[in-house]
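Participant: Sequence:
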Amino acid sequence: MQRVINKLGATLSASLALMLGVCATMAVFVATSRLEDDAVNLDFERRASLRTFTIQRGLEEAVQVLSVINHFYRTVGDPTREQFREFTTPLLERYPYVRAFSFQRFVAGQDRAVFEALRQGQVPGFGITVMDNGKLVPAPERPYYLAVDYIEPVKGNEAALGLDQSGNPSVMQALNSALQNGRPASSLPLRLAQSPPDQRGLLLMQPVYRGGQAGLEGSAQRSAMIGATAAVLQVTELVEKILSSAGLLEDREIGLRVHVGPRADEASLVFLHASEQTRSHGWGDLMGLASLFRQPSRSTTQFDVAGQTWHMEVSVPPHSVFADHYGSLLILVAGLLSSVLSAAYLRSISMRSRRVQRLVEEKTAELRHTNALLSDDIKARRQAESALLLRHQAIEASANATIILSAREPLYAIEYVNPAFGRITGYSAEEAVGKSIRFLEGRDSDPDGFEAVWMAMRDKREYNVVLRNYHKDGSELWNDFYIAPVKDERGAVTHFVAALYDITSMKRYEAELEFQASRDTLTGLINRHMLRHHLEQAIGNAERQKQALWVVFVDLDRFKFVNDTLGHKAGDTLLRTISGRLRAAVREADSVSRLGGDEFIMILPEQDELSLDTRSLQRIMDAVAAPITLGGHTLFMTCSIGVACYPADGTDGETLIKHADIAMYRGKQTGRNNFQFYTPAMNEQALERLRIEGDLRSALENNEFVLHYQPKVDLASGRVVGSEALIRWQHPQLGMVSPARFIGLAEETGLILPIGAWVLRTACAQCRQWQLDGHEGISVSVNLSVGQFLQKDLVSSIGDVLDDTGLPPASLELELTESLMMTDVEHAIGILNGLKELGVRLSIDDFGTGYSSLAYLKRFPIDVLKIDKSFVRDITSDADDAAITASIISLARHLKLKVIAEGVETDEQLDYLRHYGCDEIQGYLFSPPVAVDKFEQLLRQERISI
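If you use the working numbering, the sequence shown corresponds to residues 1 to 946, in order.
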């Protein structure tokens, strides 16, 4: 009986619990669903109002900014295109939904041509146009035009420039409306010239009056109107940008239709944003729950902007019952389910409570004991795993390579490498595991280093060494290598752990510092410090081998000319080029050093299979003499070389360099572009040179210089027709000093400039005096030095001398050497043309001894070729010299140049020159250079017997 009562009690309690649960669930469900409906409607109205307000505010901002531009016109008057651009650019950046700002100007029909011509000076191709069937064509003749004069930005709106709006009723209606009410007015949607055919836009218009006048009315208002400012709005893009800037287009559920005009129909539709259909839960609708919820559909609003009515329709698609009522449905389902489960649970719990209680008591004791054991074991395992994981992560994260190697001989195979090993060596773990560490060894690695590592592993001890290995890509890899044994619990070595630190960058930095300390930064050649080291080594080797050694001192001729004319950057380029040529001109065993400036030192040791001879020096000179092109200028450089021999000229480096330097200066004194071997006499000459240099600085002030003149004789008439002015130095102690002893020194010290100026002025004054004395046809020739030729005021200074002395320009002949003009041909041609404009005559001295090019010769504005005496001396005995002389005379004849032969000393030479048609001659056959009084005696002779 008790069992039956227990069963009935369990059933009644379960039924009562079920009924109470269902009633409570339905009450909560209905209340929640009503609240959800209200929330959905309020949310829809809020979203619709937000879109209407956002669009209306954006449009009103566009109207306000147009008023700002119109106010700008009233303030400025009639701004320039640049002022319009500067004013509107910040506004376009601030209001990106405005397509463009423009100014449309009224142009009378009779002023159209002038207006277009003026604007074409600023905008090529500008013209007044109209839209005809979607294409821009020139506007027909009209009494007046409303043409787009300014538009910003121009890019993307080029088609609108010059567009005539006077024929557009919508635009003109908007302008008239703005004229009447004094506020900006909007046109109806229309096709924009700068937009595709399927896109429409609006023009916000506001009149602009002449001189910024305001407050006018009636006809005076229309008469003062010169045009209108406009804001160009591409409606679809405008609405889209306004909504996008507010983040409202991201809501795909809301649909939006925007119309502009008096009616909201398809013709006035300017923007459409369709909503996405919410997926329907059909099974919920089948249950009949959809009728329990209200669903919002659409909201329509209209407002006025700039005189046009805007209609906005906001809508949402029909929603499934589950779209907005998840909460109430969830409450319903959960409540019903909970009620059923609660009833079932009450019944089952009543039936099983006693049995469960007994089982729980039995298992509780067992679980307590088992849990205690498991807890201790889990804690110990977690601590061990955490420690192992930390060590593994530390090794994996290390910036240095960590390697674990087997202790098994003989391979000691790699068993593990961390990621840093791959970054440092380029080899992945798969490529390294199983191999010996010696797979990193290269052909020229240090074998002793690896052998020491192997011995340490065999001895099972720690070791540290610096190794040079190779990266996978073949690049050099320096590393600091540490290795240590790993022992097991019994103390036996089972593995080795190695740490590899990449020190390649440090090694490279050390090498770079060593290179910079021993190399010239400009040319890369060894510097002065390393030169001494190389020279000491070369002297030591030569002494041990009982062999000779040459120290060669190379100095570029006229290098200062390049720096002065082309600049130091070109000079640096020239030095780098010459350095490469010098390095290529000698043997691999030879050393080339830059001493400084344009000076180089070469060390040429004698070898068993390679003896020393002068052909090596000639190769060096030929390498320097090859043409060099810098900045469009072709240069022909030469060099002077001095050679000192070990042990004859010195047994230490300083002495050898000093003697080579003296020999080099001897080469410069003998005309440059040659090499000289040191002799003891050169040392005496160097001391004499120091003395002469000191006296030379005061010679001009003490009037120690005099001019001698060598006559030039015309072969046809036998008369003295000219002279060459040659300087002499009357030294107080040394007597008459030859120019060969001091001219080169004067050029090096810069004294050649004042000396040359004195020679030029003195010679011109003397020649003018001879002309005043009755020798009207006499002329004088003066040699120009390199320093004088490079003077920037050369032409003007010679003109001043001619003006001061009164000498006719045609009576002055300037002699220049071939090498001087060929150093920089283009520069030389410019100077020569300036001299020719003065009217002086130009002569190439020592013709045939330099690097002449016939292509350049015909470009030089010269008058005379002067055959060098080296050709004249042997014309009667040397067939080559005779042929060269005859060729020079023939060449001059064809180029319509005069020919003068210098150094004529015999009658045979005279006959040869006369036979081939030489014009003038000078030489000791007639007269050496003589003082002024003796030269005047020659002038008084009617004819010289020749």
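No lab work stands behind these hints, which were simulated from the structure alone. Misleading hints may appear alongside valid ones.
Listed next, the in silico DMTMM-like pairs over lysine to aspartate or glutamate satisfying Cα-Cα at most 25 Å (straight line) [to be verified]:
1) K155 with D43
2) K869 with E837
3) K836 with D863
4) K241 with E451
5) K869 with E826
6) K668 with D714
7) K836 with D714
8) K507 with D448
9) K560 with E588
10) K792 with E776
11) K472 with D459
12) K668 with E415
13) K487 with E512
14) K155 with E237
15) K435 with E385
16) K435 with E415
17) K836 with D880
18) K241 with E476
19) K668 with D803
20) K546 with E588
21) K858 with D911
22) K560 with D622
23) K507 with E543
24) K379 with E366
25) K668 with E514
Derived Cβ-Cβ restraints for the label pairs, each shown as a range [unchecked claim]:
26) A113 with P196: 44 to 52 Å
27) K460 with E654: 24 to 32 Å
28) A267 with G134: 49 to 57 Å
C-beta: ideal position from N, C-alpha, C; glycine also.
Participant: With reference to the structure, classify each hint as holding or not holding.
Facilitator: Verification of the hints:
| no. | hint | result |
| --- | --- | --- |
| 1 | K155 with D43 | 42 Å, violated |
| 2 | K869 with E837 | 30 Å, violated |
| 3 | K836 with D863 | 10 Å, holds |
| 4 | K241 with E451 | 75 Å, violated |
| 5 | K869 with E826 | 28 Å, violated |
| 6 | K668 with D714 | 35 Å, violated |
| 7 | K836 with D714 | 23 Å, holds |
| 8 | K507 with D448 | 19 Å, holds |
| 9 | K560 with E588 | 31 Å, violated |
| 10 | K792 with E776 | 32 Å, violated |
| 11 | K472 with D459 | 30 Å, violated |
| 12 | K668 with E415 | 73 Å, violated |
| 13 | K487 with E512 | 43 Å, violated |
| 14 | K155 with E237 | 17 Å, holds |
| 15 | K435 with E385 | 30 Å, violated |
| 16 | K435 with E415 | 8 Å, holds |
| 17 | K836 with D880 | 34 Å, violated |
| 18 | K241 with E476 | 59 Å, violated |
| 19 | K668 with D803 | 36 Å, violated |
| 20 | K546 with E588 | 21 Å, holds |
| 21 | K858 with D911 | 29 Å, violated |
| 22 | K560 with D622 | 20 Å, holds |
| 23 | K507 with E543 | 35 Å, violated |
| 24 | K379 with E366 | 20 Å, holds |
| 25 | K668 with E514 | 36 Å, violated |
| 26 | A113 with P196: 44 to 52 Å | 32 Å, violated |
| 27 | K460 with E654: 24 to 32 Å | 58 Å, violated |
| 28 | A267 with G134: 49 to 57 Å | 18 Å, violated |
Checked against the numbered hints above, the structure breaks hints 1, 2, 4, 5, 6, 9, 10, 11, 12, 13, 15, 17, 18, 19, 21, 23, 25, 26, 27 and 28 and satisfies the rest.
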